[in-house]
Each structure stands twice: as structure tokens, then as C-alpha cells.
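J.: Chains as they are written, first to last, in numbering that gives the first Met the number 0: chain A, 0 to 141; chain B, 0 to 273.
No lab work stands behind these hints: they were computed from the structure.
Check before you lean on any hint, since a few could be wrong.
Among the chain A residues that face chain B by a calculated CB cut under 8 Å, a handful are [unchecked claim]:
(1) 35
(2) 101
(3) 102
Simulated DEER-style distance windows between Cβ atoms [what the hints assert, rightly or not]:
(4) 128/B - 83/A: 30 to 38 Å
(5) 67/B - 110/A: 29 to 37 Å
(6) 50/A - 210/B: 49 to 57 Å
(7) 67/B - 64/A: 27 to 35 Å
(8) 247/B - 83/A: 40 to 48 Å
(9) 81/B - 71/A: 52 to 60 Å
(10) 113/B - 110/A: 44 to 52 Å
We put the CB at the ideal spot given by N, CA and C, even for glycine.
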Amino acid sequence: MYFNMFGGSALLHLLAGHPRVIAAFGIAATVAMLVTPLGPGKQVGSEGYASAVDRTIGSGQGLDSALLEEARSAADELEQMPKDVVHEAVQGTLSACGAACVDLTPAVVERNPSMLHDALLLYSIDVTRRLRESGGRELAQR
Amino acid sequence: MRKLLVAAAVALLLVPVAAKANELPSPPRSIMFPGSLSISAAGGEPTEPGNVTSSTTADQGVTIARRGSVFVVGFVNLSLRADTVGYDWNNTTPYRSGVKVVLLDSHGVFEASVGVMGENRGRFAAPRATALLSYWRGWRGDALSGHGNGLRPDAFPGSAYASSGYLTSREARNWITAVSIEQGATVYSRARFALTPFVRAMSGMDEDGRPWNNRSRLDAGLKLSRALAGGVIEAGVARRQSYDRISHHFHQGPQSTVAFVNLWMGWTPRVLIQ
Numbered sequence: 000m001y002f003n004m005f006g007g008s009a010l011l012h013l014l015a016g017h018p019r020v021i022a023a024f025g026i027a028a029t030v031a032m033l034v035t036p037l038g039p040g041k042q043v044g045s046e047g048y049a050s051a052v053d054r055t056i057g058s059g060q061g062l063d064s065a066l067l068e069e070a071r072s073a074a075d076e077l078e079q080m081p082k083d084v085v086h087e088a089v090q091g092t093l094s095a096c097g098a099a100c101v102d103l104t105p106a107v108v109e110r111n112p113s114m115l116h117d118a119l120l121l122y123s124i125d126v127t128r129r130l131r132e133s134g135g136r137e138l139a140q141r
Numbered sequence: 000m001r002k003l004l005v006a007a008a009v010a011l012l013l014v015p016v017a018a019k020a021n022e023l024p025s026p027p028r029s030i031m032f033p034g035s036l037s038i039s040a041a042g043g044e045p046t047e048p049g050n051v052t053s054s055t056t057a058d059q060g061v062t063i064a065r066r067g068s069v070f071v072v073g074f075v076n077l078s079l080r081a082d083t084v085g086y087d088w089n090n091t092t093p094y095r096s097g098v099k100v101v102l103l104d105s106h107g108v109f110e111a112s113v114g115v116m117g118e119n120r121g122r123f124a125a126p127r128a129t130a131l132l133s134y135w136r137g138w139r140g141d142a143l144s145g146h147g148n149g150l151r152p153d154a155f156p157g158s159a160y161a162s163s164g165y166l167t168s169r170e171a172r173n174w175i176t177a178v179s180i181e182q183g184a185t186v187y188s189r190a191r192f193a194l195t196p197f198v199r200a201m202s203g204m205d206e207d208g209r210p211w212n213n214r215s216r217l218d219a220g221l222k223l224s225r226a227l228a229g230g231v232i233e234a235g236v237a238r239r240q241s242y243d244r245i246s247h248h249f250h251q252g253p254q255s256t257v258a259f260v261n262l263w264m265g266w267t268p269r270v271l272i273q
């Protein structure tokens, strides 16, 4: 019998605590790394594994600390933007999180300041990462 | 989408696009050791008046293989069961060991396992073959309206569970199926505590037509739960109606208020493979 009811909110918080990992692998791949046979979400052992993955990322890889600061600033600015923009960013994060965040909806995230901050930070880092990977082509195509 | 991306790009000041993606490391591979501990105690069961039963189950596994959200896990599962009256069937130490395939997706957790099972009743009996299918899904059902005021619910947590297979070595060739579904409405939640009225329906059936495997139950009760690091503990009371489908007998009345305490903790430490 399972009682793993923690769902997406704890997982979002765990992911937001490891921005370098998100910058290196993206939200979807990081969530896939953290899934275990006990189900998605945060469990005893998840934090240790995320930290271990974090340590494998060299300083020159992924996003450096200055860019991470920019992503944090961008998340703060994003939070002040019109509701529909915020909503779409939250939806983007939850979509990338996939089945592990299936218990969350954008409305649930948006009404919780801490969860909202985590979701926007993850979104900002993920966008930055994809922009770097595509050399800016993704933005130009849209 | 375009508006959002433009906004994000402005906010990020169009960060330098160094395109270092090819230099990124591969995520480290790991061996997982998923395990869990569940403890439950209950009293007031209408079919065993005056008895209090308890069960402690430890499960430890190791991932043998993984492909996406499909895991192959070797496992050992050991339980300690006891009661206050001393019924033989409640005082035993069953175990199961084998290999299971676990499939996770947005619809829940599916498991298929094969292996051996047995029990210790003073001495270990010879192990018997076991095969078991199970399914679990839980949901939190957060209300969109935010935290409730007064008794207005702010979440509708529930779960569904089903298992089917050779479950016990005492009935080693009896295929037993059990299903349950629970739905609650959290009327109070603070500091990881939640107070939740709930209803739960359970039903079982088997091939051999044993009365104790062919009962249906309906619980309506109230429970207080608290999230722990990697788990949850809950305690509550419920009015239970139990129906024996073999004898067509209802068990209900003044003895049918059950009290229960359940604890579940899960863990998945890993060893990284460099």
C-alpha cells in the first residue's frame, strides 16, 4: 500500500533548490531522474541524489552563478507581469514536470506565494537553458 | 506563447548564447534501494468484537533495471502481525520475496510481482510460489478556491487500491482479489496536520469462497493526519458496516465503531555509479 501523497508541491521546492541541475538538464529530465519505484515526488533520498547530481556539474557547465542570478531576477520580474503571462509560465513549468506534478493545477500554484516563486524560477532557468542550447533560434522561431 | 517568450527574453536581457549544451555532463547513473515501513493498528472490527489487531510491514528492494518509468525491483517484504485476543490467523510473521515490475504513470502505480511467500508460526513453513498484481493511485484534490474558511473544504484527498493474486501461504492456491477506494474532504489543515472526514469502500473476493475473503465494508469516519519526512501518520475513527457475501450477513450495530492508527514511511537511497 502506498501513501505517497506529497505530490508536486514538495517536488517543485526540491527542484528550485537545485537551479544548477535544472540549468544543466532541464525540468523534465531532472524530474525523470528523481522518479523512483515508490512514485513521483519528494522522498527520503531524493534530496541527497539531487545534491549528488549537482556536484557532478562543473563550474563551467550549464549556467554560471551570474546567469543564475539573472534567472532569479527574471523570475521576480515575471511574478509582477500580467496574470495571463504568469499563468502561462506556471503552466509551462507544470507541463515540463509532467506526471510528477499531476496533482497541481496553475490555479493551485498561483494562490501559494512560495509555490509560485518556485515555479517561476524553474521556468526562467528552463527558458534560459533552452535559449542557450538553441543559440536563440527558439525565440526567433516563435 | 510568443508574448510570454518575449517577456521572458526581455527579463533575461537576452543572455549570451554560448551554446555549451554539448559540454553538459550525463546524469550519474544510480542503483536505487526503494523501501517502506508501514504500521497499522485497529480496534472495533465488527467481525472480531473486543479485539485489537496490529501489523508492521517492512519492505526493502533494489532496482535491477530501469527504462524510463518502468522499474524492475528485487524485494523482500516481512510483516509482524499480532492481536490482543490471540487468534491464530492474526499472530503470524508472513514474508514475501521476489521480483516485481513497477510501472509509474499519471494514472497511478502498477505492480506485477512473482516470487515466494511463507510465514513463521513458531517455525518457518516451506515457502510457496506467489504472484501478485496491484494498483495504487492517490490524489490531493486541492480546491481551487484556496484555504477553506470554517468547515469549507480546501482539499479532497483520496486513493484507490486494488490487488489480485496469491496473497497468503495459508491459502497458497487461492487467488484473492481486494479493492478499496477512499474519498475525503479536508476541512482543516495547518502546520502539516489535516482533519479529514472520509468515506471508504472495500471489497474482497476469492476463488475458494472463504467467508473472510468475501466481505464488503463501508466506512464513514474522521481522521487526523500529519505529513512526516517521507511519510504520513494518521489516526481516526469510523462507523463500519461489514457485509459477508457468502452468508449474506450484515455486521453492524454498537460494536461497529472502529478506531485506527496508520503510519507509512518510504525511502529511496541511491548508490551512484561513476
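J.: Decide, hint by hint, whether the structure agrees.
T.: Verification of the hints:
1. Restraint check, residue 35/A versus chain B: the minimum CB separation of about 4 Å is within 8 Å; hint holds.
2. Here the hint on residue 101/A is kept, as its CB sits about 5 Å from the closest CB of chain B, short of 8 Å.
3. Annotation: interface hint on residue 102/A holds; nearest CB of chain B at approximately 5 Å, less than 8 Å.
4. The supplied range of 30 to 38 Å is broken by residue 128/B and residue 83/A, whose beta-carbon atoms lie about 59 Å from each other.
5. Checked against the hint of 29 to 37 Å, the C-beta distance between residue 67/B and residue 110/A comes to roughly 33 Å, which is consistent with it.
6. Evaluation of the 49 to 57 Å hint for residue 50/A and residue 210/B yields a pass: the beta carbon distance comes to about 53 Å.
7. For the pair residue 67/B and residue 64/A, the beta carbons lie near 33 Å from each other, so the given range of 27 to 35 Å is met.
8. The given range of 40 to 48 Å is broken by residue 247/B and residue 83/A, whose C-beta atoms sit roughly 59 Å from each other.
9. One distance hint, 52 to 60 Å for the beta-carbon pair residue 81/B and residue 71/A, holds here, with the actual separation near 54 Å.
10. Checking the proposed 44 to 52 Å range against residue 113/B and residue 110/A shows it holds: the Cβ atoms sit about 46 Å from each other.
In the structure shown, a violation is registered for the earlier hints numbered 4, 8, in ascending order.
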